[in-house]
Amino acid sequence: MENQTAKQAVVPYLVIPNAIHFYEFVQKVFGGKETARFLNDDQSLMHGEVNIGSSTIMFGNASEKSTPQPAGLYVTVENADEIFQKALDNGATVVMEIEDKEYGRTGGVKDPFGNTWWIVAEPKNK
Numbered sequence: 003m004e005n006q007t008a009k010q011a012v013v014p015y016l017v018i019p020n021a022i023h024f025y026e027f028v029q030k031v032f033g034g035k036e037t038a039r040f041l042n043d044d045q046s047l048m049h050g051e052v053n054i055g056s057s058t059i060m061f062g063n064a065s066e067k068s069t070p071q072p073a074g075l076y077v078t079v080e081n082a083d084e085i086f087q088k089a090l091d092n093g094a095t096v097v098m099e100i101e102d103k104e105y106g107r108t109g110g111v112k113d114p115f116g117n118t119w120w121i122v123a124e125p126k127n128k
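Per my numbering, residue 3 is the first one in the sequence shown, and the count goes up by one each step.
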């Protein structure tokens, strides 16, 4: 699996419940690619990495020792309406309905793991 983190100065690290299922959400919604998977003895995810475009997100499973640390993530996409709907279809809930803003078409969702995704398609005339 290819590691892209050397190209990023800051890499988000999420500590989330049921982290093993985060791969599926990111793949279905954002076309993410799994780049690392390390399991604990109980088969929970110790450490995972996924790429969305040229960006890497690292994550691991929350536990009694590692409390949840979800994040707010801003993601630029080609079609905000399509990605927003895919997120809802895969268990996300609406934080902000999709609408046109001066910086682009945007909406916000909370994924099943507690992360908020700000989905933005930049204006075509930019």
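Hints listed in this document are in silico derivations from the structure and should not be mistaken for laboratory results. Do not take every clue at face value.
[As the list claims (entries may be wrong)] Restraint-style ranges between C-beta atoms, simulated for each label pair:
id	residue 1	residue 2	range
1	G55	E26	24 to 32 Å
2	L41	M98	20 to 28 Å
3	K126	D44	43 to 51 Å
4	T69	A11	31 to 39 Å
5	S68	E124	17 to 25 Å
6	P114	D44	26 to 34 Å
7	H23	K103	38 to 46 Å
8	D44	G74	27 to 35 Å
[Claimed, not checked] Straight-line distance between alpha carbons at most 30 Å, and here's what the computed DSBU-like set of lysine-lysine pairs gives:
id	residue 1	residue 2
9	K9	K35
10	K67	K126
11	K67	K103
12	K103	K126
13	K9	K126
14	K88	K35
15	K103	K30
16	K30	K126
17	K9	K88
18	K9	K112
19	K9	K30
20	K88	K112
21	K35	K112
22	K112	K67
23	K126	K112
24	K30	K88
The beta-carbon is built from N, C-alpha and C at its ideal position, and this holds for glycine as well.
Tested hints:
| no. | hint | verdict |
| --- | --- | --- |
| 1 | G55 x E26: 24 to 32 Å | violated (18 Å) |
| 2 | L41 x M98: 20 to 28 Å | violated (35 Å) |
| 3 | K126 x D44: 43 to 51 Å | holds (48 Å) |
| 4 | T69 x A11: 31 to 39 Å | violated (26 Å) |
| 5 | S68 x E124: 17 to 25 Å | violated (36 Å) |
| 6 | P114 x D44: 26 to 34 Å | violated (21 Å) |
| 7 | H23 x K103: 38 to 46 Å | violated (31 Å) |
| 8 | D44 x G74: 27 to 35 Å | holds (29 Å) |
| 9 | K9 x K35 | holds (16 Å) |
| 10 | K67 x K126 | violated (46 Å) |
| 11 | K67 x K103 | violated (41 Å) |
| 12 | K103 x K126 | holds (12 Å) |
| 13 | K9 x K126 | holds (27 Å) |
| 14 | K88 x K35 | holds (16 Å) |
| 15 | K103 x K30 | holds (26 Å) |
| 16 | K30 x K126 | holds (25 Å) |
| 17 | K9 x K88 | holds (28 Å) |
| 18 | K9 x K112 | holds (27 Å) |
| 19 | K9 x K30 | holds (24 Å) |
| 20 | K88 x K112 | holds (12 Å) |
| 21 | K35 x K112 | holds (20 Å) |
| 22 | K112 x K67 | holds (24 Å) |
| 23 | K126 x K112 | holds (26 Å) |
| 24 | K30 x K88 | holds (7 Å) |
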